[in-house]
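Novice: Sequence:
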Amino acid sequence: MAAWREFRFDFIDSGASASVFIHGYDNNESVAYSAVVYAQEGQAYYPLGHINMEQTEVYRHVDGTVARVVAVQNLAPFNPCTVDINILAESF
Numbered sequence: 001m002a003a004w005r006e007f008r009f010d011f012i013d014s015g016a017s018a019s020v021f022i023h024g025y026d027n028n029e030s031v032a033y034s035a036v037v038y039a040q041e042g043q044a045y046y047p048l049g050h051i052n053m054e055q056t057e058v059y060r061h062v063d064g065t066v067a068r069v070v071a072v073q074n075l076a077p078f079n080p081c082t083v084d085i086n087i088l089a090e091s092f
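Position one of the sequence shown corresponds to residue 1 (the numbering used here), numbered consecutively onward.
These aren't lab readings, by the way, just hints derived from the structure by calculation.
Incorrect hints may appear among the rest.
What follows is a list of derived Cβ distance ranges for each label pair [as the list claims (entries may be wrong)]:
#, residue 1, residue 2, range
1, 48, 20, 35 to 45 Å
2, 30, 7, 16 to 26 Å
3, 44, 91, 15 to 25 Å
4, 57, 84, 14 to 24 Å
5, 65, 42, 38 to 48 Å
6, 89, 45, 17 to 27 Å
7, 16, 58, 18 to 28 Å
8, 59, 35, 13 to 23 Å
9, 8, 75, 12 to 22 Å
10, 57, 8, 12 to 22 Å
11, 5, 50, 17 to 27 Å
12, 90, 48, 15 to 25 Å
Using N, Cα and C, we set each Cβ at its ideal position, and we do this for glycine too.
Starting from the given sequences, assemble the full structure and let the hints guide the process.
Specialist: What follows is the structure in structure tokens.
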């Protein structure tokens, strides 16, 4: 079992959403996502970072690999943020 940063959203404005299509997982991999949110430099309004993250779709390709869509919404009313999407993957 290994964990690593899979993707970084460098800038998500307050109230905005973003998503990423992550592909290339093996057919026998179970994947769990987590997120780390960072406030942009110089931000002073509370909350500095507040997001909602969800895995929205899963695709199976003809070559047997799997792809997933991860969506992030910035819920902080005044501050933009940076978000790291981390995964924990285990083969079974």
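Novice: Evaluate each hint against the coordinates.
Specialist: Hint check:
no.	hint	in the structure
1	48 to 20: 35 to 45 Å	violated, 23 Å
2	30 to 7: 16 to 26 Å	holds, 18 Å
3	44 to 91: 15 to 25 Å	violated, 45 Å
4	57 to 84: 14 to 24 Å	holds, 21 Å
5	65 to 42: 38 to 48 Å	holds, 41 Å
6	89 to 45: 17 to 27 Å	violated, 36 Å
7	16 to 58: 18 to 28 Å	holds, 24 Å
8	59 to 35: 13 to 23 Å	holds, 21 Å
9	8 to 75: 12 to 22 Å	holds, 19 Å
10	57 to 8: 12 to 22 Å	holds, 20 Å
11	5 to 50: 17 to 27 Å	holds, 20 Å
12	90 to 48: 15 to 25 Å	violated, 33 Å
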